[in-house]
Structure formats: C-alpha cells, structure tokens
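K.L.:
The whole structure should be built from the sequences, with the hints applied where relevant.
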Amino acid sequence: MTPQSLPLTDHPTPDSIVAWCPDGPVSRDRFLADVARLAELFPPGGHILNVCQNRYHFLVGLSAAAVSGRVSLLPPNLTEETIARLAAATPDLVCLHDGQGAVGTLPSLAFPPPAPVGSGHLPVPLIPVDQVIAHVYTSGSTGVPGTHHKTWGSLVTNGLAAAERLGAAGHALVGTVPAQHMYGFESTVLICLHGGAALSSGHPFYPADIAAALAAVPRPRALVTTPFHLRALLDADVAVPPLDFILSATAPLSEDLARRAEAAFGAPLLEIYGCTETGQLASRRSTATRLWHLLDDVRLSPLGERHAASGGHVEGLVPLGDVLEPVDEHHFILHGRDADLINIAGKRTSLAYLNEQLCGIPGVIDGAFLMPDDEPDDHVTRLRAAVVAPGLTTRDILAALRLHIDPIFLPRPLIFVDRLPRNAASKLPRADLAALFAAYAAGHGSAR
Amino acid sequence: MTTTPTDAAQTPPPSIADIAEIIVTALGLEMTPDEIDPDAPLFGEGLGLDSIDILEIALVISKRYGIQLRADNDNNTTIFSSLRNLTDYVVSQLEA
Numbered sequence: 023m024t025p026q027s028l029p030l031t032d033h034p035t036p037d038s039i040v041a042w043c044p045d046g047p048v049s050r051d052r053f054l055a056d057v058a059r060l061a062e063l064f065p066p067g068g069h070i071l072n073v074c075q076n077r078y079h080f081l082v083g084l085s086a087a088a089v090s091g092r093v094s095l096l097p098p099n100l101t102e103e104t105i106a107r108l109a110a111a112t113p114d115l116v117c118l119h120d121g122q123g124a125v126g127t128l129p130s131l132a133f134p135p136p137a138p139v140g141s142g143h144l145p146v147p148l149i150p151v152d153q154v155i156a157h158v159y160t161s162g163s164t165g166v167p168g169t170h171h172k173t174w175g176s177l178v179t180n181g182l183a184a185a186e187r188l189g190a191a192g193h194a195l196v197g198t199v200p201a202q203h204m205y206g207f208e209s210t211v212l213i214c215l216h217g218g219a220a221l222s223s224g225h226p227f228y229p230a231d232i233a234a235a236l237a238a239v240p241r242p243r244a245l246v247t248t249p250f251h252l253r254a255l256l257d258a259d260v261a262v263p264p265l266d267f268i269l270s271a272t273a274p275l276s277e278d279l280a281r282r283a284e285a286a287f288g289a290p291l292l293e294i295y296g297c298t299e300t301g302q303l304a305s306r307r308s309t310a311t312r313l314w315h316l317l318d319d320v321r322l323s324p325l326g327e328r329h330a331a332s333g334g335h336v337e338g339l340v341p342l343g344d345v346l347e348p349v350d351e352h353h354f355i356l357h358g359r360d361a362d363l364i365n366i367a368g369k370r371t372s373l374a375y376l377n378e379q380l381c382g383i384p385g386v387i388d389g390a391f392l393m394p395d396d397e398p399d400d401h402v403t404r405l406r407a408a409v410v411a412p413g414l415t416t417r418d419i420l421a422a423l424r425l426h427i428d429p430i431f432l433p434r435p436l437i438f439v440d441r442l443p444r445n446a447a448s449k450l451p452r453a454d455l456a457a458l459f460a461a462y463a464a465g466h467g468s469a470r
Numbered sequence: 825m826t827t828t829p830t831d832a833a834q835t836p837p838p839s840i841a842d843i844a845e846i847i848v849t850a851l852g853l854e855m856t857p858d859e860i861d862p863d864a865p866l867f868g869e870g871l872g873l874d875s876i877d878i879l880e881i882a883l884v885i886s887k888r889y890g891i892q893l894r895a896d897n898d899n900n901t902t903i904f905s906s907l908r909n910l911t912d913y914v915v916s917q918l919e920a
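Same order as they appear, the protein sequences are chains A and B.
Taken in order, the first sequence gives residues 23 to 470; the numbers are from our numbering.
Taken in order, the second sequence gives residues 825 to 920; the numbers are from our numbering.
Hints listed in this document are in silico derivations from the structure and should not be mistaken for laboratory results.
Possibly wrong hints are sitting among the right ones.
[Unchecked claim] Label pairs and their computed distance ranges (CB to CB):
1. B/T901 x A/H357: 28 to 38 Å
2. B/E919 x A/G121: 24 to 34 Å
3. B/T849 x A/L128: 33 to 43 Å
4. A/Q153 x B/D912: 43 to 53 Å
5. A/A461 x B/D858: 42 to 52 Å
6. A/D319 x B/D858: 55 to 65 Å
7. A/S332 x B/D912: 54 to 64 Å
8. B/T849 x A/K449: 32 to 42 Å
[Stated by the list, open to error] With the Cβ distance kept under 7 Å, some of the chain A side facing chain B (calculated, not the full set):
9. D231
10. A254
11. D257
12. V260
13. P435
For glycine and all other residues, C-beta sits at the position ideal for the given N, C-alpha and C.
P.N.:
See the structure below:
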C-alpha cells in the first residue's frame, strides 16, 4: 500500500546527525527547529527561489518551503531572462538568500541566524506524497525551456534509491557542486533527507578548501564532485584525508582520472548517469566496467530511435536525449548524445537555441556556434562562435548573450568574419565551420 | 610547468603584470596582459571569467608560487574581484 504522506526526513532519532556545519554536527532536533522557524518567516506566497550558497541553508530552505506547502524553484542559471520568466510564471516568487544578496528585483528574505533549540524533542513533519516540492527546468531540444514538477513521493524514492546504490547511509558528504543543480540536489540534499547521509554545509571550491572540508567531517565520508573538480584536486597536490567513496557526474570521466582518484584517495569512484527530467538513472564503478547499472526499479524501453526511462522515482515515461544501448534489463552502454545537444559542466542546451540567440542580437547578420571535438579529457569544453556583425564589438555581443544564456555557454573565442561558409542550400557544414576556426587558430596561436 | 618547492620558495613575489601574464596564458585569452584593467572585475562581467577559469588560474598559481588559494567565506570568487586584489592575495600568502 502506498502511503499518503511521508516524513520530512528518515533520520531515526532526535540526535541523528543531519548535517555538519563549521561549529559541529547538526542534530535532527536542531534542523527541525531551524525549519520550523524559517517556515514562519516566509512572507505570503507559494514559490521560493532558494539561492543559498551554504548547503545547510539550502536544505533548511527547501524543507521549510515543503512543510509550509511552498514550491522551491531550481532554475539552471540566474540570467536576467530566466529571472524575468520565473517572475512572470510565478508572480508571488520570493528569493531566499544567505549573504549573496537578492536576485534582480525579486522580494527577498535573508536566511536567519540559528533558531534556539527547546528542551523537548520535535516531531518530524509529514508531507503529502503528491505535493509538488520543486520545479526543475530543462532547455528542451529546441531550447524552449520545460518545467518539471517534482513531487515529494518521487523525491523521497530518488534519495532512497541513490543512497542504497551508493551505500551512503551514515556518510558525511562534501559536495563541490551546487545544491541547486539536479546532481547536487539529489546526491547531497535528497540522500541526506532520505537515505541516512549527512551533508557538509560548505560549498568548497579551491582544492585546499575541499581538502579542509573533508578533514572537518568524520569518516565514513565521501566527496560529491565532477571530473573537472576532481582533476583540479589531484593536480593541486594537496593532502586529502582518506575517503570512503567518491561520486562524479555531469561529464564523462576518463579512465585514467578514475584510476588516479581511486589510488590517491583510497576509495571507489562511482559515476552517476542521469538528466534533469529523470534525476539519476544509473551508476557504475568506472575503473571496473563501461556498463551502466540502472537503479533498482528503473527500466528502459525503446521509444522511436531512442529510449525512455520509467519506474522507481521516474515520473511517467521520460524520453532520453542520449543514445543508449541496453545489454540486459539492468545494464546499458552510453554511446553519446545527439550532435545538436550540448552538455557542458552539467548544463544542457542545444546548438539550435544558441544560434537563435546569437542571430537575434540586433546588428548580427549571421552567426553560428561550434562545439569543438578536440578538447582533452576532464577539461571543460568551451564553445566557439563565428559571427558576421560589422558594427559590433566582442564586448557588445557577449553582453547581449549574457542576458539570455548561461555564461558557461559564452563562446571562446568569438571570431568576426565577413561571411560564414554556407553552402548553396544555405546550410553550414560542420566541417567547414570547424575549418574556419582551425584557420583562425593557426593565425593566433591558440583558439581555446 | 612544474616547480619544486625549493624553486617556489625562491620565486620573487608577483607583480600585477606577472599575475596578468598567468591569466592570459593559462586561459589562452586573446589579449595582452597589460590590457587587463587591474581594478576591473575578473569574474562575470568585466573580463568575463567564470568559476572554471578561476580554478585553472588557481592551479597555475599554486604550482608557480607554492601556495594554495583558500576562500575566506562562501563566496569563492572574492579573491578574483580584480587583478589587483588577486595579486595582493598571492603576495600576502607568500608573506604569511
């Protein structure tokens, strides 16, 4: 029988450790006190834009919204266009922040100081399983943003499935990825609410900060990161305390980096595969196998030329943009992505959308983005763009793009040409566009 | 480039021009080091760097000067608020 509601957290006792902050462990009681207090401080309105950088603040913000019937919005970026779109779709939107300041002109609430903890134990609030807790957003293959509603029942199942696969219960988790991004949301926040893990409040960035954050929490402990951050951490030669597992997602990880990480940190490295629409779907230990192992109740089924995911925490039947090859009911090989779809640092868009934004800038006569294919492993790929825009400067174009697209997709380099090598049918063959950049790089030494 | 700790200890403190050179070289920027305004923001608008660039630059600085950059608060990009601020930070870490 499916329950009608589920508790905010399955941490079993009032003194269970939910999080680690700079001043020590946070018990379930202190967490619940913080949640109750913040929920009272929210102004009227049903939608919260939670931009808290401190991971514990994010957790409390999400939880306070959930227990007070509010929806947390988790957009992929905070460009002016994104904020305007969210404010138009949800006019009662309030920004919850913790020191970075509000976003745009939205009404805002600063995260409050810790709530006093009373002498009695606090009951764990129950939340209806069909209540919408979060809105997450996808670019869609055409670039038209799609909104996905995540219900409490699905998020709880998601956290439990991930925790079970990783064996994460009882672990302290240090994340280098934002809590607002789907991967960080699932792998540091959800598995802390349901899955028995405890998150570290920090969002360490520099290698020495990552090492310090790990040293500040007891074992068993794990690092939730990306290939890029992992490479930086290994290259920096800082002393990292022993780990119990390492989690990586958002981009393919080279086998070499996986081996180096396992050797340096003395722990298995697990990769997660998923997307915003579905959340995580599969995992693998990269040094042992190329095959992805689906989470226990998740299934793939053919859908046209591609596949769709269903079961477990996946709501409905969700088409996948990647090219997968199932090898049995529980395993598949990932072959890659549609050439038009782009995934950089875990953020997705399409070339069609980017080209539309570029060509839509007043003064731009023609323009095209190129996804280079010669970047070394475990580095972040940068897009390139060529533009025909006689009256504009690089600065003009980048400033105009910055309003509409995530900065990670800004072109580097942006080159100015007299015309693009379009063929008679007005199509722009990729090889010809690539040749344009190769010629440019030959004249400039580097086109990174 | 790799340096031994001994080399790092003998490297003189960087000038603004030295750090500008690191930024341009590490990121392959199409500008000369003296085109970076020492007081303009490096992050976001201004020079237009993002957190990925900052981590790349931090790695080069740590190798060359034998110091590890640390964020003193939740805002990881404070050190990179300007070229001058970044240079001052590196010099202060070398003197510490």
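K.L.:
State for each hint whether it applies.
P.N.:
Structure-based check of all given hints:
Between B/T901 and A/H357, the C-beta spacing of about 37 Å keeps the proposed range 28 to 38 Å intact. Checked against the hint of 24 to 34 Å, the C-beta distance between B/E919 and A/G121 comes to roughly 29 Å, which is consistent with it. At about 40 Å, the beta-carbon gap between B/T849 and A/L128 stays in the expected band of 33 to 43 Å. As the Cβ distance of A/Q153 to B/D912 is approximately 50 Å, the hint placing it in 43 to 53 Å holds.
For the hinted restraint 42 to 52 Å between A/A461 and B/D858, the CB-CB distance of approximately 28 Å leaves it violated. A hinted range of 55 to 65 Å for the beta carbons of A/D319 and B/D858 is consistent with their spacing of about 60 Å. Taking 54 to 64 Å as the suggested C-beta distance range, the pair A/S332 and B/D912 conforms, at roughly 55 Å. Between B/T849 and A/K449 the beta carbons are some 37 Å apart, a value that agrees with the proposed interval 32 to 42 Å.
Interface restraint check for A/D231: the shortest CB-CB distance to chain B comes to about 6 Å, inside 7 Å, so the restraint holds. For A/A254, the interface hint holds, the least distance from its beta-carbon to any beta-carbon of chain B being 5 Å, beneath 7 Å. Using the Cβ-Cβ criterion of 7 Å, the hint placing A/D257 at the interface with chain B is satisfied: the shortest such distance is roughly 6 Å. This hint holds: A/V260 has a C-beta 6 Å from the nearest C-beta of chain B, less than the 7 Å allowed.
For A/P435, the suggested interface contact is upheld, since its CB lies about 6 Å from the closest CB of chain B, less than 7 Å.
Figure legend: structure checked against the earlier numbered hints; the only hint not met is number 5.
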